[in-house]
Amino acid sequence: MTTVTTTSWEMVVGLEVHCELATATKLFCSCRNAFGDEPNTNVCPVCLGLPGSLPVVNRHAVELAMRVGLALHCSVEPSIFHRKNYFYPDMPKDYQVSQYDEPLNVGGWLDLPDGSRVGVTRAHMEEDTGKTTHVGGGGGRIHGADHSLVDYNRAGVPLVEIVSEPDIRSAEAAKAYVNELRAILVAIGASDARMEEGSLRIDANISLRPAGTDALGTRAEIKNLNSVRSLGRALEYEVRRQTLRLEAGEVVVQETRHWNEDEGRTSSMRSKEEAYDYRYFPEPDLVPLAPSEEWLAGVRAGLPVLPADRRVALGGAAGVPATDASVATVVQQGLDGLVAAAIEAGADGRLALNRAANELAHRTAPDVAAFTQVLRMEGDGRLTATQAKAVLAELVASGGDPEAIAAAKGYEALEGDVVAAAVDAAIAGNPGEWERYAGGEAKLAGFFVGKVMAATKGKADGKAVTALLRERLGAS
Amino acid sequence: MSLISRDDVAHVARLARLGVTEEELDRFAEQLAAVLEHAADLATLDTAGVPPTAHPFSLVNVLRDDVVGRSLDRDEVLAMAPAVEDGRFRVPRILGDAP
Amino acid sequence: MSAIEIARDVRAGSRSARDVVEEHLATIAGREAELHAFNLVLADSALAQADEVDRRVAAGEDPGPLAGVPVALKDNLCTRGVPTTCSSRMLEGWRPPYDATVVTRLREAGAVVVGKTNMDEFAMGSSTENSAFGPTRNPHDTSRVPGGSSGGSAAAVAAGFAALALGSDTGGSIRQPAALCGVVGVKPTYGLVSRYGLVAFASSLDQIGPLAGSVADAALALEVIAGHDRADSTSIPHAAPTLSGLLERGVDGLRIGVVRELVEGIDPDVGTRLSKAAAALEAAGAKVDEASVPAVTVGLSAYYVLATAEASSNLARYDGVRYGLRVDGDDVGAMYGATRAAGFGAEVKRRIMLGTYALSAGYYDAYYGQAQRVRTLILADFEAAYGSYDLLLAPTAPTTAFALGAKTADPLAMYLSDVCTIPSNMAGHPAISVPYGRGDDGLPVGVQLLAPALGEATMFRAAAALERSLVP
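Going down the list, the sequences are from chains A, B and C. Everything in the first sequence is counted per the numbering used here, starting at 1119 for the first residue and increasing by one. Everything in the second sequence is counted per the numbering used here, starting at 29 for the first residue and increasing by one. Everything in the third sequence is counted per the numbering used here, starting at 26 for the first residue and increasing by one.
Isolated chain A (complex conformation):
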């Protein structure tokens, strides 16, 4: 009897990310674009869709949208707005002004820290909807609610929808993509991209296919992902769910599924008989956008150095691959300037990267001179690794001068013979342990290091002690 082997499945993921642009006013009117104001206080005839109102496009929103496109290496095209028609209480006009088959930005990509590239199909402009809160169901959920309340402050806020190619192959990569996208959006000043405030929202499309094949499987769309962590968990859940179905010979249904954070699973949303018919047609109240060459060049020239470029620069300066994990961390923490300056001042690249990534992350950075000094002291052997980390910790907590801090902590460079004397004393004072160590119990090296550390009040360099022990071994 032949054994049935289960197929090795590959996950194929595409992400749709909506980000709110950091403009002062909404996309089509001059109401304030602000989070957290009293409901329905930032509304006007236009964003309420009152009869007779008309939209007028916000220039700065277009500028920011172009920045997003260019930062993602898209081609910025002449574009038009379309109406996407559907009914929902958070929609003042019961159509959303968006872009359809002539969007602003097409055909770009971004590189993840690990060096892999994810394609960006498009990044188009559209207006945001209002916000509904549901009353009477459990936990504010729509299911079982008695009625709902609508606040239109958010209606009309400018959004860019960024659609990736289905190039993502793991939950980790998906999370990395979102983090990288966020970093780019913040770096270019297009959005503050905060998921907890709703200025960044993610929908995921995931399908499976047999590893090594090309055809795309049926995908499920996952909504209600409120954090990067949720994204990862939801994708992992979906892989398991879809695998089970496929291995049982069932089909994956093309549908929208809702991620339930508490239960840790997705569930099918109210099913629709057919794909929604949005009846897209060109928005007749607006005219096309055709950014001039000058405008485009100006936006391009104004782009700051992007995270990927910073990683390349830092890797080059430190003499390590740009895809090194510590490089990613240092750039992500905004410490690359510090590290590069330290390297410029003579610090060892790898050491500078490691110390910055591990000791300075999520903390206030010391100034360049101080950081470089600590690295130099460690590099010279005047500070052990442990001591260097302690000095950095002190610098970060309360500032100061590295030499002074080291002196205050009693970190003096020990003369080599002081250490040697301490080693000999430890050996002499513990003959039984020495015999066992010499007999082959290598673990006892730690015992002797401990003795030497105690005798020198922690100032000895562990590595040097171990080296001396071996030396004495050889001699005996």
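Just to be clear, a hint being listed does not mean it is correct.
These stretches of chain A come out as covered by chain C in the derived footprint (C-beta under 8 Å, 3 or more residues) [what the hints assert, rightly or not]:
1. 1166-1179
2. 1204-1213
3. 1236-1248
The hints are simulated quantities; they were obtained by calculation from the structure and are not laboratory data. Every residue, glycine too, gets a C-beta built ideally from N, C-alpha and C.
Once you've looked at the hints, dock chains B and C against the given chain A.
Chains B and C only, in chain A's frame:
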């Protein structure tokens, strides 16, 4: 073009969120079919190679400055509303998520 | 009295605005019950506005070019704090929190708003019989329709209720009622007059325009309301045209083409008056010939697809959530269905469904896409025609005013009354209907002058000449 059927009318009425009675369905189907039959000349017209005109004249890049202006007074806004609760527009329960 | 005369006298101080307004209110009181031109007469606020005009005159301030002129506004023009119903149950009692741009401009020019006029519901119709509040009657024969959808505005001017009125024209809704009521009606170049505050029917076709007792009055009104508006993205970046000074220039040397395709199948009454108009223009020095604009024959179908498609989307917002009528339901979906069933009349529902159908999956290209391409053809044919002619001449409506109820059973028959006016909307070109005598049935006939985009000056010149040729 073919006649618009009763089912077609029911479908578009649903898309347009127009509640229609059975009797209206029949009547509208007949009337709309007549209009569409008359519009059949549209379908037969050869427009190969003719680009569409969305607007009678071509303006581009009509844009405004990103400067905060006056919003409506909330009381004015809510005074128009059929139902209000907590400074927000109140609606009956919503059965599905947004499409 | 004409608007020009009123403004002149009020500005000069030889007549008070209050006097003028009181007189018009009296006229209204005399016949409004019979005609139902208005959804709402604004007697008190009109008198208050008149007093303000008089105060300015007395204080030596400039009261504006339309000082004291009573104006009637179609009820789809937003007037702040004043009900703007579009003659629909859906918006019955709804008070906009803002003024349409044209309303602001009229007020600043010193005009006095005497009322909001009746119309076909949401501007959909050619007879004002689709009003949810009852039809308006033609002042010349109250058993007949005034035309539509700006029937109330046309009747108001014809009956002397107001010296000027504003209407909206999407497929002829200013010009056709103007013709049926014997007044001047103008559809300006698309984008010349701001649409901000006009409740939308079909966005790429709608235009606001004046109805008046004379070409000169209409010119003055257009000068006041036209010109770029930043609140409307489709507004042409031009100032208002200068027209008033040019009206006496005559038509010497102008080449005028009578549009052959629009003359076919019209009423003999209308045909006779059109021929007389052509002859008059020739006598006045124009060269008048037959012109051909073939695409206008498909224009009607294309229009009804485009207009209803845009309308189906523009009218989606009437859902009972934020303003207007709400009929409650168990859930939001039920509320939508019940509200829209109760709030809209049959014609509006028909057009919403037609438009939804034309945009729906599988039909977009055959209907909407095709209609947009036909629009290109119409523009091309007009361009070709204007290569040989400065202006085109055509009937405004294929018949004189028909009887109330004559066409209500057959929506298609009603749509066919728009055949002469629709091409200008499709092309975005200006057109004016000038009253040109009466048919044998004693009813007013209007003739239409069409011009290329931004050709208002030439168009008004010829219209004035046509008007002069009527003086017995």
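The hints, checked one at a time:
For the stretch 1166-1179 of chain A, the stated coverage by chain C holds: 10 residues have a C-beta nearer than 8 Å to a C-beta of that chain, and at least 3 were required. With a cut-off of 8 Å between beta carbons, the stretch 1204-1213 of chain A has 6 residues touching chain C; three or more are needed, and the interface restraint holds. For the stretch 1236-1248 of chain A, the stated coverage by chain C is violated: 0 residues have a C-beta nearer than 8 Å to a C-beta of that chain, whereas at least 3 were required.
Checked against the numbered hints above, the structure breaks only hint 3 and satisfies the rest.
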